[in-house]
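S.K.: As a plain string of letters, each chain reads:
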Amino acid sequence: MFSVDYILMQGANGLVIGCLYALMALGLTVIFSVLKIINFGHGEFYMIGGYMSYALATLVGGLNPFVGVLFAIVVLLVVGSAFDALFLRPLHKGIVERPDEYAILVTFGLSFFLQNLMLGLAGPFPHRTESFLPGGIHVGSIMISGDRLVAAGVALILMFGLLLFIKMSWTGRAMRAVSQDREAASVTGINPVRTGNIAFSIGAALAGASGALIAPIFSIVPDVGVLPGVRSFIIVVLGGMGSVKGAILGGLIIGLVESMGAALIPDMSRALAYRELYGLIIFVIVLLFRPRGLFGEEYS
Amino acid sequence: MKHLVTVISIVLCLSFFVAAPAFAAEEEKEPIQIGVVLPMSPPGGYESGNPMWWAALQAAAEVNEAGGLLGREVIAVLGDTRGVPEEARAVTERLITKDKVVGVIGNYHSSCAKAQMDLFKDHNVPYIGAEPWADEITAKGYKQVFRISITNSLYTDISVNWMKAAGFKKIACVQEITDWGLGVNEKLKQAWNDAGIENESAFSDVKTEDFTETLARFNQWDPPADMFFGSVTGPGAFRIIKQAYDMGFAPTPKTVFYATNACLNPEVWEVAGEAAQYIVVTQIGLPPSAYTEVTKKQNEIFEKKYGRLMNATVMEAYDAFMLMCEAIKKAGSTDPDAIVEALESIEWTGMRGKYYFPYGSKNPVPEDQPDYMWHQWPDVSEYLFQYTKVGQSPEDGTVIWPPKWSELPDGQYFVPVPKK
Chain S
1 MFSVDYILMQ
11 GANGLVIGCL
21 YALMALGLTV
31 IFSVLKIINF
41 GHGEFYMIGG
51 YMSYALATLV
61 GGLNPFVGVL
71 FAIVVLLVVG
81 SAFDALFLRP
91 LHKGIVERPD
101 EYAILVTFGL
111 SFFLQNLMLG
121 LAGPFPHRTE
131 SFLPGGIHVG
141 SIMISGDRLV
151 AAGVALILMF
161 GLLLFIKMSW
171 TGRAMRAVSQ
181 DREAASVTGI
191 NPVRTGNIAF
201 SIGAALAGAS
211 GALIAPIFSI
221 VPDVGVLPGV
231 RSFIIVVLGG
241 MGSVKGAILG
251 GLIIGLVESM
261 GAALIPDMSR
271 ALAYRELYGL
281 IIFVIVLLFR
291 PRGLFGEEYS
Chain V
1 MKHLVTVISI
11 VLCLSFFVAA
21 PAFAAEEEKE
31 PIQIGVVLPM
41 SPPGGYESGN
51 PMWWAALQAA
61 AEVNEAGGLL
71 GREVIAVLGD
81 TRGVPEEARA
91 VTERLITKDK
101 VVGVIGNYHS
111 SCAKAQMDLF
121 KDHNVPYIGA
131 EPWADEITAK
141 GYKQVFRISI
151 TNSLYTDISV
161 NWMKAAGFKK
171 IACVQEITDW
181 GLGVNEKLKQ
191 AWNDAGIENE
201 SAFSDVKTED
211 FTETLARFNQ
221 WDPPADMFFG
231 SVTGPGAFRI
241 IKQAYDMGFA
251 PTPKTVFYAT
261 NACLNPEVWE
271 VAGEAAQYIV
281 VTQIGLPPSA
291 YTEVTKKQNE
301 IFEKKYGRLM
311 NATVMEAYDA
321 FMLMCEAIKK
331 AGSTDPDAIV
341 EALESIEWTG
351 MRGKYYFPYG
361 SKNPVPEDQP
371 DYMWHQWPDV
381 SEYLFQYTKV
391 GQSPEDGTVI
401 WPPKWSELPD
411 GQYFVPVPKK
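Same order as they appear, the protein sequences are chains S and V.
Residue numbers 1 to 300, in the numbering used here, belong to the letters of the first sequence in order.
Residue numbers 1 to 420, in the numbering used here, belong to the letters of the second sequence in order.
Hints may be right or wrong, so weigh each one.
[Claimed, not checked] Here are the computed distance ranges between Cβ atoms for each label pair:
id	chain 1	residue 1	chain 2	residue 2	range
1	V	330	S	120	36 to 42 Å
2	V	123	S	137	56 to 62 Å
3	V	388	S	141	32 to 38 Å
4	S	120	V	220	43 to 49 Å
5	V	396	S	123	22 to 28 Å
6	S	164	V	388	51 to 57 Å
7	S	120	V	182	45 to 51 Å
8	V	64	S	101	43 to 49 Å
9	S	95	V	70	54 to 60 Å
Quick caveat, the hints were computed from the structure, so don't treat them as lab data.
Backbone N, C-alpha and C fix where the C-beta goes; we use that ideal spot for every residue, glycine too.
All chains should be modelled from the sequences, with the hints used to inform the complete structure.
M.R.: Listed below in structure tokens is the structure:
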């Protein structure tokens with residue numbers, strides 16, 4: 001019924017889009033692993049990233065779209081750091097009576113605020129940034145959109161860069177230490193508040209980078225981050241809360257499953273409608289047999 | 001002392017009688033509030049709701065500049081439905097019970113209008129539907145509910161007549177899952193089947209970002225589809241055009257791309273770029289050649305203020321608001337029964353033509369007419385045009401249907417030049 005080329009093309013498309021899912025989920029997992037909070041405004045950082053790239057391209061005509069991605073990363077590093085310093089510091093200092101509820105409320109508030117802020121500033125109409133690489137790229141007998149291929153390539157580079165940063169740099173090691181034991185880390189001279197701030201900034205920047213990379217592909221509107229935000233939670237839980245490699249693998253799995261489901265489910269009338277459901281089915285199956293996710297640590 | 005108390009009481013009573021008419025006059029001068037229910041913020045249809053709200057404000061400003069209504073200022077009071085039925089119901093309840101609006105206009109989503117209808121009936125508040133298409137909205141026969149937008153059935157008739165005239169034999173469709181989408185797809189499938197047109201529909205969520213797998217499935221068809229119907233609203237309407245074009249599926253010399261009226265917004269060029277050239281778009285309104293004086297004047301004011309022309313959806317909001325004001329003026333009061341009576345006998349020319357409602361309490365819908373004709377404006381026009389140049393305005397597109405306005409003969413359309 002389906003040709004091999006068709007199946008390969010859908011598989012490749014799923015993996016390519018999965019790289020972008022993984023990049024965004026990685027941001028969420030970095031925040032969770034160090035700060036132990038779930039950022040419900042993560043999808044809005046993704047949206048802001050797209051708008052920042054668009055804003056720069058609009059202000060400076062004829063700009064290379066990669067500069068827009070870099071700009072989005074820088075802006076989100078600043079926004080993430082400022083948000084953490086202004087609203088999450090009471091959490092780190094232990095002066096909030098119910099820290100978990102506080103974190104949920106404050107990040108939910110951030111989500112609503114940013115959506116409505118951008119609706120006011122950028123207006124209700126969709127926008128798109130310039131293509132990275134217009135048209136399609138033929139890899140053997142299959143064809144993939146140039147924009148998607150470039151975006152996935154940049155996402156892979158950023159993920160690899162982050163892994164190196166976490167493994168090799170002093171700050172990366174400090175982040176790992178704080179994620180393992182906050183008090184023990186502070187005994188060794190690490191400032192957990194500052195490390196948390198860096199982690200939150202990096203997490204926000206990764207979401208912003210995903211948004212800027214996806215802006216030429218899907219276009220941007222004020223609520224463009226809602227679905228990717230929810231999808232990131234699913235990926236993070238699937239991969240194991242706080243696991244970097246789990247977020248990467250989870251992103252690729254969800255991308256592949258969504259794509260192959262929509263492409264191969266025999267009932268075509270429903271195949272696309274249930275696109276998000278395929279990932280959820282895998283998510284439920286994994287959690288049934290492995291409640292801590294693919295690479296999550298077991299809680300005692 | 002007793003005498004003094006009596007004198008004071010008499011003075012107080014007299015002062016009340018002297019002051020009462022003044023208070024009453026003050027009350028008379030209170031503004032007339034008209035509710036406008038639209039999606040203004042995420043998640044639903046805010047890219048359409050916002051310009052519709054601007055149009056309602058423009059209408060209110062025009063009425064006030066002309067001296068107001070019954071000597072009183074008119075205020076448009078916004079109810080943000082967010083495109084969510086339960087929120088639509090809640091804001092409407094607030095408009096009716098707290099803001100004391102004398103009438104309500106608007107809606108972009110049929111699901112929201114359906115959720116509000118019982119409130120209009122129970123509170124006896126006149127309502128004019130600006131853009132909800134579901135047949136049931138007027139088919140229920142509520143005394144307070146009027147509609148100036150098209151219905152799913154009317155839309156299907158006009159569109160499918162073109163498809164038949166153009167000679168399409170095989171149609172692929174992606175249809176968004178909303179009250180509007182499911183309703184219109186049911187009618188379309190029926191009409192396609194009746195016309196002997198082979199068809200297949202794939203349903204998508206309104207928030208779908210990626211249509212590539214489904215488009216690739218359609219692209220495998222041999223022989224290919226004659227027409228692809230991207231029946232999606234919101235940002236998805238633009239994304240699906242770009243994705244279909246990048247894949248080499250549509251618009252191509254073999255496959256026509258038929259898009260929804262979301263593609264009337266100029267942002268279609270920013271998001272879809274050259275992919276939108278040669279798409280066929282529905283406009284639920286008059287073509288530029290048939291514009292009324294009101295259309296030209298109001299479009300000019302709107303463009304000056306907001307930097308964009310009104311599309312038919314936006315015109316509907318202006319017309320609905322003005323129609324409510326005209327009905328209040330005709331009724332000479334804000335009494336709901338008087339407004340309903342005035343609407344039933346109204347004749348007023350707005351941006352999209354001359355409005356009237358032939359079927360109502362004095363002239364029930366006859367047997368040979370569908371139920372949805374109750375309080376339905378019957379002359380709502382729809383035309384199809386094709387963008388023939390990149391960056392073109394809908395007003396400059398080539399009208400291809402219906403024959404009375406078409407610039408091309410017999411359902412013909414432009415075929416794109418093959419991509420190199």
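S.K.: Which numbered hints turn out to be false for this structure?
M.R.: 7
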